[in-house]
Amino acid sequence: GESVGLHLPTLSVQEGDNSIINCAYSNSASDYFIWYKQESGKGPQFIIDIRSNMDKRQGQRVTVLLNKTVKHLSLQIAATQPGDSAVYFCAHRTGYSTLTFGKGTMLLVSP
Amino acid sequence: DSGVTQTPKHLITATGQRVTLRCSPRSGDLSVYWYQQSLDQGLQFLIQYYNGEERAKGNILERFSAQQFPDLHSELNLSSLELGDSALYFCASSVEVGVAGAYEQYFGPGTRLTVT
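Chains as they are written, first to last, in my numbering: chain A, 1 to 111; chain W, 1 to 116.
One chain only, chain A, in its complex shape:
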């Protein structure tokens, strides 16, 4: 079946560093990808999304890169802050509007 997976279950960085969280997907027909951040005890929070007709999209301190050739998605966080510590999920659209989520990467930011 379709799956979205993450390479690194835990990423530890120092405050101020740039973080890169990676994600691989299996469905080459996927046309929409999204990143969520989930803090402890809270629901997933939308960060940024990207459509398959784009390679890169930037938000505030975050950039998502999409490489359709190798079916790889990454989330870059600039100047990582302790408040960025959370689990990050990638997901892609399956069906008409449903999303399939990866298992998540925990980002730990040390002061």
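Worth double-checking, as some hints may not be accurate.
Unchecked claim - Computed beta-carbon distance windows for the label pairs:
{"no.": "1", "chain 1": "A", "residue 1": "M54", "chain 2": "W", "residue 2": "N51", "range": "25 to 33 Å"}
{"no.": "2", "chain 1": "A", "residue 1": "M106", "chain 2": "W", "residue 2": "R22", "range": "26 to 34 Å"}
{"no.": "3", "chain 1": "A", "residue 1": "S52", "chain 2": "W", "residue 2": "N51", "range": "25 to 33 Å"}
{"no.": "4", "chain 1": "A", "residue 1": "Q76", "chain 2": "W", "residue 2": "A14", "range": "44 to 52 Å"}
{"no.": "5", "chain 1": "W", "residue 1": "S65", "chain 2": "A", "residue 2": "Y96", "range": "20 to 28 Å"}
{"no.": "6", "chain 1": "A", "residue 1": "S52", "chain 2": "W", "residue 2": "R22", "range": "16 to 24 Å"}
{"no.": "7", "chain 1": "A", "residue 1": "R61", "chain 2": "W", "residue 2": "T15", "range": "44 to 52 Å"}
{"no.": "8", "chain 1": "A", "residue 1": "N18", "chain 2": "W", "residue 2": "N59", "range": "18 to 26 Å"}
Said to hold, decoys possible - Short derived list, chain A residues pointing at chain W, Cβ under 10 Å:
{"no.": "9", "residue": "V13"}
{"no.": "10", "residue": "G16"}
{"no.": "11", "residue": "Y32"}
{"no.": "12", "residue": "Y36"}
{"no.": "13", "residue": "Q38"}
{"no.": "14", "residue": "P44"}
{"no.": "15", "residue": "F46"}
{"no.": "16", "residue": "K56"}
{"no.": "17", "residue": "Q60"}
{"no.": "18", "residue": "F89"}
{"no.": "19", "residue": "A91"}
{"no.": "20", "residue": "G95"}
{"no.": "21", "residue": "Y96"}
{"no.": "22", "residue": "S97"}
By construction, these hints were calculated from the structure, which means they are not laboratory data.
We put the beta carbon where it would ideally sit given N, CA and C, even for glycine.
Please build the complex by placing chain W on the supplied structure of chain A, with the hints as guidance.
Quick look at chain W alone, frame taken from chain A:
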């Protein structure tokens, strides 16, 4: 705050029992999605409703059912509960399906279900 509300926040019940989880979507959102999140399975899509009608089904057990009411709030019913049903249950909502290709979903704070 996403604008999606869920009640109750915590629920503790015994095996074999039945519970109902409630979700109110963001104002104006017609689609509601239910997810189960456990440590070993991540976020699993259960079911989607759109404007009162079932739209898509994921890995939802036959013991589980859901509905969406005319005021667009949704309920997830879990019956004959087993220990393995202990998990976080999230509701999410989105704008009208397909409008301007808007697919992002906004999640509620979740209901933590513990089955003892």
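Can we keep the A/F46 interface hint, with Cβ of chain W closer than 10 Å?
-> With a minimum Cβ separation of about 5 Å from chain W (threshold 10 Å), the hint on A/F46 holds.
Using Cβ atoms only, decide whether A/Y96 comes closer than 10 Å to chain W, and label the hint accordingly.
-> A/Y96 check passes; min Cβ-Cβ to chain W is 6 Å, inside 10 Å.
Given A/S97 was flagged as interface, is its beta-carbon under 10 Å from a beta-carbon of chain W?
-> holds, 5 Å
Can we keep the A/K56 interface hint, with Cβ of chain W closer than 10 Å?
-> Hint on A/K56: violated, closest Cβ of chain W at ~18 Å, above 10 Å.
If you check the beta carbons of W/S65 and A/Y96, does the distance land in 20 to 28 Å?
-> Once the Cβ atoms are compared, 21 Å apart, the range 20 to 28 Å for A/Y96 and W/S65 holds.
Was the hint right that A/G16 lines chain W, CB cutoff 10 Å?
-> violated, 29 Å
So, A/G95 near chain W? Judge it on the closest CB pair being under 10 Å.
-> Status holds, d = 5 Å.
Given A/Q38 as an interface hint, is the shortest Cβ-Cβ distance to chain W below 10 Å?
-> holds, 8 Å
Between A/M106 and W/R22, is the Cβ distance one that fits in 26 to 34 Å?
-> holds, 30 Å
Given a hinted range of 44 to 52 Å, is it respected by the beta-carbon distance of A/R61 and W/T15?
-> holds, 46 Å
Taking the least C-beta to C-beta distance, is A/V13 closer than 10 Å to chain W?
-> Since the shortest Cβ distance to chain W is 22 Å, the answer is violated.
Verify the interface restraint on A/P44: the C-beta must sit less than 10 Å from at least one C-beta of chain W.
-> Holds, because the Cβ-Cβ distance from A/P44 to chain W comes to roughly 5 Å (cut-off 10 Å).
The structure shown violates the earlier hints numbered 6, 8, 9, 10, 16, 17.
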